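Novice: So the chains spell out like this:
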Amino acid sequence: MTWALVIDVTSWVFFFAGGFFLFVGSLGMLRLPDFWARLHAASIIDSAGVAFILAGMMLQTGFTLVTLKTLIIVGFLLITGPTATHAVANAAFVSGSRPKDIVEDATVKKSLTKTRKKALKKSAVSAPKPKPVA
Amino acid sequence: MFAFVTITIFVCMVMIMIRLFAGPTLYDRVLSLNTFGTCTVLFIGTVGLLFGRPDFLDIALLYALINFVGTIAVLKFFRYRRLGDAPETQEIATSESEAPQ
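Protein chains in written order, with my numbering: chain A, 1 to 134; chain B, 135 to 235.
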C-alpha cells in the first residue's frame, strides 16, 4: 500500500516538473527576441519536458506493454528532437541569418588557431552577408 | 491529475501556435512546428491515460515518426526547392526574401 503511494507521488512530481519545463519552454518561444534565442526554449521542451512527462507516465502504467511503448517514444524523441533542432539551426545559418548582437572581439580573434582562421575566412566568403532580422 | 497535465500541455500548444503564426522568419515557423508536434505527442499520450485508453500511445509513436520526417522534408524542400531526386547544382536560398513566408 505504501509502495503504491510512493510510486504515485514520484509520478506526480515528475508530471509537475515536466509541466513546469513545458510551460517555461513555450513561454520562452513566445517571448524571446531572436530565432537563435528561441532555439534554446525549443530545446528545453524537446529534452526536459518530454523526458519528465513520459517518465511520469511510465510510473503510472506500471510494468506492462504500455511502458515499453512509452520507452520507445522517449528514445525516439530524445534522438530526433535535437536532430531536427540542429537541422533547423543549420538551415537558418546557411541561409544567412545570424544572432542579433554579435560583438567582434579582437582578443578572441588573436587567440584563434591558423586552421580555424582559414575556416572562418572560407565560411565568410561562402556564406552571404547577415541581414538584420526584423 | 492527468487533466492538469493535459491542460498544461494544451496551454503550451496554444502559445507555440501563436509563435507559429507570428514568427517573422521561415525558420521560426519550422522550429515551432517541430515543437508543436512534440507537444502533440505528449498530448495524445496523456489524453490516452486520462480516458483510460493506453492504445493511444501507438498513435503518439506514429505521430512522432511523421513529425520528424515532416520537419526534415520541409527543410530539404526550402533548401533545394525539390524533393526526391538529388539536386545537380546546390541552389541554396540565399536570402529570406526568396523563401515564401
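No wet-lab data here; the hints were simulated from the structure.
From a predicted model like this one, the values you see are computed outputs, not experimental measurements.
Don't take each hint at face value.
Here are the in silico distance ranges between beta carbons for each label pair [unchecked claim]:
| # | chain 1 | residue 1 | chain 2 | residue 2 | range |
| --- | --- | --- | --- | --- | --- |
| 1 | B | Asp192 | A | Phe63 | 17 to 25 angstroms |
| 2 | A | Val24 | B | Gly218 | 21 to 29 angstroms |
| 3 | A | Leu68 | B | Gly186 | 36 to 44 angstroms |
| 4 | A | Trp12 | B | Arg215 | 15 to 23 angstroms |
| 5 | A | Thr2 | B | Phe144 | 51 to 59 angstroms |
| 6 | A | Thr64 | B | Phe211 | 36 to 44 angstroms |
| 7 | A | Arg31 | B | Val203 | 14 to 22 angstroms |
| 8 | B | Phe185 | A | Val6 | 21 to 29 angstroms |
| 9 | B | Phe144 | A | Trp12 | 16 to 24 angstroms |
| 10 | B | Ile206 | A | His40 | 30 to 38 angstroms |
| 11 | B | Gly186 | A | Leu32 | 34 to 42 angstroms |
| 12 | A | Leu78 | B | Asp189 | 20 to 28 angstroms |
| 13 | B | Gly218 | A | Val13 | 45 to 53 angstroms |
If you want the ones that stay clear, here's a sample from chain A, every Cβ over 12 angstroms from chain B, calculated [what the hints assert, rightly or not]:
| # | residue |
| --- | --- |
| 14 | Thr2 |
| 15 | Ala4 |
| 16 | Val6 |
| 17 | Phe76 |
The C-beta atom is built at its ideal place from N, Cα and C for all residues, glycine as well.
Novice: Does the Cβ pair Arg31 (chain A), Val203 (chain B) satisfy 14 to 22 angstroms?
Specialist: 30 angstroms, violated
Novice: Given the hint of 36 to 44 angstroms, is the C-beta distance from Thr64 (chain A) to Phe211 (chain B) inside that range or not?
Specialist: 40 angstroms, holds
Novice: Quick check for students: does the CB of Ala4 (chain A) sit more than 12 angstroms from each CB in chain B?
Specialist: Non-interface label on Ala4 (chain A) holds, nearest chain B Cβ at 15 angstroms vs cutoff 12 angstroms.
Novice: For the hint 36 to 44 angstroms, verify it against the beta carbon of Leu68 (chain A) and that of Gly186 (chain B).
Specialist: At roughly 19 angstroms between Cβ atoms, Gly186 (chain B) and Leu68 (chain A) fall outside 36 to 44 angstroms, so the hint is violated.
Novice: Could you see if the CB distance from Gly218 (chain B) to Val13 (chain A) stays within 45 to 53 angstroms?
Specialist: 47 angstroms, holds
Novice: Cβ-Cβ distance between Leu78 (chain A) and Asp189 (chain B): within 20 to 28 angstroms?
Specialist: Taking Cβ atoms as reference, Leu78 (chain A) and Asp189 (chain B) lie about 23 angstroms apart, which means the hint holds.
Novice: How does the Cβ-Cβ distance of Thr2 (chain A) and Phe144 (chain B) compare with 51 to 59 angstroms: does it lie in that range?
Specialist: Given a distance of about 34 angstroms, which is not inside 51 to 59 angstroms, the answer is violated.
Novice: Using the C-beta atoms of Gly186 (chain B) and Leu32 (chain A), is the stated range 34 to 42 angstroms upheld?
Specialist: Holds, since Gly186 (chain B) and Leu32 (chain A) (Cβ atoms, about 38 angstroms apart) stay within the stated range.
Novice: Does the Cβ pair Phe185 (chain B), Val6 (chain A) satisfy 21 to 29 angstroms?
Specialist: 26 angstroms, holds
Novice: Given the hint of 17 to 25 angstroms, is the C-beta distance from Asp192 (chain B) to Phe63 (chain A) inside that range or not?
Specialist: Check passed, 19 angstroms falls within 17 to 25 angstroms.
Novice: Range hint 21 to 29 angstroms: satisfied by the CB atoms of Val24 (chain A) and Gly218 (chain B)?
Specialist: 39 angstroms, violated
Novice: Using the beta carbons of Phe144 (chain B) and Trp12 (chain A), state whether their distance is inside 16 to 24 angstroms or not.
Specialist: 19 angstroms, holds
In summary, the numbered hints that this structure violates are 2, 3, 4, 5, 7, 10 and 17.
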